[in-house]
Each structure stands twice: as C-alpha cells, then as structure tokens.
Amino acid sequence: MRDFSANHDWLSINTATIRKQAGAEVPLDRLIDQCAAAGVRAISPWRDQVAAVGLDKVAAQLKALGIGLSGYCRGGFFPAPDAAGLKAALEDNRRAIDEAKTLNAACLVLVVGALPGALNGKAAYTDLARARTEVRDGIAASLEYAREVGMPLAIEPLHPMQAADRACINTLEQSLDLCDELDAQQSGMLGVALDVYHTWWDPKLAQQIARAGDAKNTRLLAYHVCDWLTPTRDLLNDRGMMGDGVIELKKIRGWVEAAGFAGFSEVEIFSSLDWWQRSGEETLATCIERHRSVV
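Quick note: the sequence shown uses this note's numbering, first residue 1, plus one each step.
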C-alpha cells in the first residue's frame, strides 16, 4: 500500500467539500485557486459549478495551474416517467461526457437516479425494478458515445438510504454486475466510483473490491473518502472528516490498491453543520493532514 505520510501528491478535493465556506457559496474559480495555493494537484468539480463560471474558462484555469481532474460530477439520473424524459436524460448525459472530455477528467461519475420525481417529493412511479432497467438502458446508450470520445464512465453505488431518490444502484456488487453485462470485454471504459461513505457497511465489500480487480483493466476508476459520524445528524449533509468517524479507511484503501487502483484519494464531504461553516483554507489544511495520517 502506498505511503501517504510524506506528502499529499495523491490527494484530490471534490469541490463539494469547500463549495460553501463560512456558510456562503464560493465560486469554482476561487476554489481552484485555493486548491492550487494549498498544493493540491487534482480536483473533482460539479457540473453546476463549472456552468456558473464557464466551461472554457475553467478548462483554461486548470491548465494554467497544472491541476487535473480525478473525476467529474456528475452524469446519471436516467429514469424518467415517459419517453421524452428518457431521451432528455440521454441528451444531458451526452453533454456531461463532452464537458468531462473538455476538462480532461479521469472519468465521468454516474449517480444513476432512482424513482423519477422522488427527489422533489413526489415519485412519478414506485416500480424500483423499472427504474433499474431504465438505468441499465441509459448506461448502455451513454457508453456507446463515451467509447466514441474516450471518456470512461464510473457508476457510483449510493447507500440504500438513497435508493428511492438518488440512486437505485446501492452496492458495489450491483455496480459490477452492470459493468460485466455492458462491458464484458473489460475495455476500461466502464467501471465504478467507490465512495466509502456509501459502501463501508457492506459485508461483501472486501470480496467485491477484489472482484473489481479481476480484470485486465481494474474496474475501480475513482475512490472517494470521508467518514461516517456517530451519531450522524443529517444523512446527506453530515459527512465526517477522515478520522472523525468509524470507517476503517486504511483497511479499505489497502483492499482498493490490492485490486489495482493507483489513483487519487478524493475527499468528498458534505457538511452543512461543520466544515461548510469554516474557511476553505482550514478545511483544506485539515484534509491534507488527515490524508497523510489516516487515509
């Protein structure tokens, strides 16, 4: 397993971690400058943040500062109540693939979606099997275009608490089953984004991580870290800083690296009650220290 104690060369910052500072939203161009000042050499920005600043402007800023992308957030949300909605989702994912390619991202992360409308309080239907079928079909269609342009897609399984509204793919096993079905040739164009917040509890986690490495190209395309607090005050927006919770971070990274992953550990923390109330400089300094000591 790699030794991170001497530097933070393999630290990436998902920009959700610092998008709010002292309770206020901060634009992406400023976040990128803060990361550069802290010596962070990779980030993973969100599409809405990029759109607010401008795709070309962000691409130029990243190039000038020598910052790469460990991933791009996000594609997905494939299910829809009707044919028009399904078509619109595919078109939006095509745009997301193009944006990821422009930014030279390592992969486009897919939060696949679930019961359409549930996120806004009223599901258009409650057939979870239908949603999973629409996810499968949406990934298959998007993968065709992703192959054309050379942008890997990374399915991110989300914790079962979000099965209704954000992602009906909830385990690493489900994600890998889709990869095996849709990319049997193990092309490197379809894999997974493993977020410890969503997967640490899974009794099959070690087994499935090892399975992800059983390929000529590992299925592990991105690795996200934070911690699970006890008690958790908000299941969406109370993620912990690494080392403040109960996730066995070094053990899991050992499994991930044994399965062939040699990329960035990407810090992704949603924290409305704690870290989003602090300065970006403090949060980044803590991320660096914990990356060296506990990740």
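If you are wondering where the hints come from, they were derived from the structure by calculation, not from laboratory data. There could be a bad hint or two in this list.
Listed next, the in silico SDA-like pairs over lysine to any residue satisfying Cα-Cα at most 25 Å (straight line) [to be verified]:
id: 1; residue 1: K87; residue 2: L128
id: 2; residue 1: K122; residue 2: E173
id: 3; residue 1: K20; residue 2: M1
id: 4; residue 1: K87; residue 2: A38
id: 5; residue 1: K57; residue 2: A83
id: 6; residue 1: K63; residue 2: R132
id: 7; residue 1: K57; residue 2: P27
id: 8; residue 1: K122; residue 2: A38
id: 9; residue 1: K101; residue 2: Q162
id: 10; residue 1: K216; residue 2: Q162
id: 11; residue 1: K20; residue 2: D3
id: 12; residue 1: K216; residue 2: A84
id: 13; residue 1: K57; residue 2: A84
id: 14; residue 1: K251; residue 2: L229
id: 15; residue 1: K204; residue 2: A141
id: 16; residue 1: K87; residue 2: G39
id: 17; residue 1: K57; residue 2: D234
id: 18; residue 1: K63; residue 2: G150
id: 19; residue 1: K122; residue 2: K63
id: 20; residue 1: K251; residue 2: D3
id: 21; residue 1: K101; residue 2: R130
id: 22; residue 1: K216; residue 2: E181
id: 23; residue 1: K87; residue 2: D3
id: 24; residue 1: K20; residue 2: E173
id: 25; residue 1: K251; residue 2: A262
id: 26; residue 1: K122; residue 2: R132
id: 27; residue 1: K57; residue 2: K87
id: 28; residue 1: K57; residue 2: D127
id: 29; residue 1: K250; residue 2: E173
id: 30; residue 1: K216; residue 2: A258
Okay, the hints, checked on the actual structure:
Using a Cα cut-off of 25 Å, the hinted pair K87 and L128 holds, with the two alpha carbons roughly 19 Å apart. With a C-alpha separation of about 29 Å, the suggested pair K122 and E173 falls outside the 25 Å cut-off, and the hint is violated. Restraint check for K20 and M1: not satisfied, since their Cα atoms lie roughly 33 Å apart, outside the 25 Å limit. Restraint check for K87 and A38: the C-alpha separation of about 42 Å exceeds 25 Å, so the hint is violated.
For the given pair, K57 sits about 35 Å from A83 by alpha-carbon distance, which is inconsistent with the 25 Å threshold. Between the alpha carbons of K63 and R132 the distance comes to roughly 38 Å, so the proposed pair goes past 25 Å and is violated. A threshold of 25 Å between alpha carbons decides the hint, and for K57 with P27 the separation of about 13 Å falls inside it, so the pair holds. Pair hint K122 plus A38 does not hold up; C-alpha atoms about 43 Å apart against a cutoff of 25 Å.
Distance check on the hinted pair: K101 and Q162 sit about 28 Å apart at the alpha-carbon level, beyond 25 Å; violated. The straight-line distance between the Cα atoms of K216 and Q162 is roughly 32 Å, outside the 25 Å bound, and the hint therefore fails. Between K20 and D3 the alpha-carbon distance is near 31 Å, which puts this suggested pair outside the 25 Å criterion. For the given pair, K216 sits about 38 Å from A84 by alpha-carbon distance, which is inconsistent with the 25 Å threshold.
Among the hinted pairs, K57 with A84 is inconsistent with the structure: their alpha-carbon atoms are about 32 Å apart, more than 25 Å. Pair hint K251 plus L229 holds up; C-alpha atoms about 18 Å apart against a cutoff of 25 Å. For the suggested pair K204 and A141, the alpha carbons sit about 29 Å apart, so the restraint of at most 25 Å is broken. Between K87 and G39 the alpha-carbon distance is near 41 Å, which puts this suggested pair outside the 25 Å criterion.
Note on K57 and D234: the hinted pairing is violated, with a Cα-Cα distance of about 35 Å set against a maximum of 25 Å. Annotation: proposed proximity of K63 to G150 holds, straight-line Cα distance about 19 Å (limit 25 Å). For the hint linking K122 to K63, the alpha-carbon distance of about 42 Å lies beyond 25 Å, and the restraint is violated. A hinted pair counts as satisfied when its Cα atoms are at most 25 Å apart, and K251 with D3 qualifies at roughly 13 Å.
Between K101 and R130 the CA atoms are separated by roughly 30 Å; this puts the pair beyond 25 Å, and the hint is violated. The hinted pair formed by K216 and E181 meets the criterion: a straight-line CA distance of about 16 Å does not exceed 25 Å. A hinted pair counts as satisfied when its Cα atoms are at most 25 Å apart, and K87 with D3 does not qualify at roughly 46 Å. About 33 Å separates the Cα atoms of K20 and E173, which puts this hinted pair outside 25 Å; it is violated.
At roughly 15 Å between alpha-carbon atoms, K251 and A262 fall within 25 Å of each other, so this suggested pair holds. Distance check on the hinted pair: K122 and R132 sit about 18 Å apart at the alpha-carbon level, within 25 Å; holds. With a C-alpha separation of about 29 Å, the suggested pair K57 and K87 falls outside the 25 Å cut-off, and the hint is violated. Pair hint K57 plus D127 does not hold up; C-alpha atoms about 42 Å apart against a cutoff of 25 Å.
Between K250 and E173, the direct Cα distance comes to roughly 21 Å. Compliance with the 25 Å bound is thereby established for this hinted pair. Proposed proximity of K216 and A258 is supported: the alpha carbons are some 14 Å apart, at most 25 Å.
Hint check: violations occur at hints 2, 3, 4, 5, 6, 8, 9, 10, 11, 12, 13, 15, 16, 17, 19, 21, 23, 24, 27, 28; the rest are consistent with the structure.
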